[in-house]
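> Sequence:
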Amino acid sequence: MRTGRHFPIPESPADLRTVWAAAQPLDDTTRPRWLDAEDDDGDFRHAGSVSLAGLDQAARAAAMAEFNELEYARLVVEEDPTQPDLHHLYVREPRPEPVWSIGVRTGPSPWSLTAPPGDEPALTAADVTDVPATSVADPFLLHRDGRWHMFFEVDDWLARKGAIGLATSDDGLRWRYEQTVLAEPFHLSYPCVFEHGGDVWMVPESTQAEAVRLYRARRFPNEWDHVADLLTGGSFADATPFHHDGRWWLLVETSGEANDTLRLFVADDLLGPWREHPQSPVVNGDATHARPAGPVIAADGRLVRLAQNCVPAYGIDVRGVEIARLTASDYEERPIAVPPLVGPSGRGWNARGMHHLAAVQRGDGSWLAAVDGWRMEDAP
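In this text, residue positions in the sequence shown follow my numbering: the first is 20, and each later residue adds one.
No wet-lab data here; the hints were simulated from the structure.
Ideal Cβ positions, reconstructed from N, Cα and C, are used throughout, including at glycine.
Check before you lean on any hint, since a few could be wrong.
Pairwise CB distance ranges, derived in the manner of DEER restraints [said to hold, decoys possible]:
(1) ARG237 - ASP319: 18 to 24 Å
(2) ARG163 - GLU276: 31 to 37 Å
(3) ARG36 - THR346: 53 to 59 Å
(4) PRO135 - ASP164: 54 to 60 Å
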């Protein structure tokens, strides 16, 4: 909690719960105008009042700036209808939210992965040190310069959007958070990272920008430049480019919150131009196999894309779908006839679901995978 001139400013969900616990139930003198008669007064409390009476112009401006910070921190500030110098502060009861964490899996193949003993998460929001994070998710792995690098979404509670974070590891099992390496005015997640032509590239999800944006590492792993928009003018979730048979391919979900439409694009060069495949969309109306869930895997003579199952809720498990035929004119796929590659454990950090798997083959032939999972936040 940050000390303000007129009122403490929450900087995390825990701070907001503290404000709620100290706030007073509404009564006839504090019930706000915007609360409809049929609304439950118990959903809101009166957190306090601030008077601007007697303040000079500069002090009033500073108070108004602080009110803006408070509203960004989820409080509601309302001017008293009868006393313009008086402002009331309201807080809504915090509700439990999904909390995402990152774990690791290892095994002889990407289809046979096991959790480490105890299956504790490798990274949680508590490991993030530079922003007030509530979740970490969507991990991608890259082994470079003798170290493992993990890029992932950091859910910044105060900024109300995601940014891309970095963690490093010597063995791929024990991870250390480093810093946020990429942030934009819009939400970023799903940082699909890969090497090509001696450079390191990243395609993070940037649906709010209505584009599939391509970044190149100016100074790996901390500095990134936006170099091109591969697709524009639509909803593009979890874009997953990959190189196969001399061409570039890109899978991306395009239905918005339905999570049921997967489109396929093709290009001769990473920078494009990109064109939609004649058989796209390759999934239409199926939220169990549409949205990408990590990088495409080439192993055991198979080419397999990973898909989130979003039924009955978002992020339930990850399923493999083998791409049986992929040419400039043809596309065929079939689900792998095995249980989900990862799914909910029923307890702990991944109790409710898992929706991402990034598998990389190690030098000894075994496989290392970064996964994510979610549980419901503990009730206040």
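> If a hint holds in the structure, say so; if it does not, say that too.
Now the hints, each set against the structure:
1. For the pair ARG237 and ASP319, the supplied restraint of 18 to 24 Å is violated, since their beta-carbon distance comes to about 36 Å.
2. At about 36 Å, the beta-carbon gap between ARG163 and GLU276 stays in the expected band of 31 to 37 Å.
3. Between ARG36 and THR346, the C-beta spacing of about 55 Å keeps the proposed range 53 to 59 Å intact.
4. Between PRO135 and ASP164 the C-beta distance comes to about 25 Å, which lies outside the given range of 54 to 60 Å.
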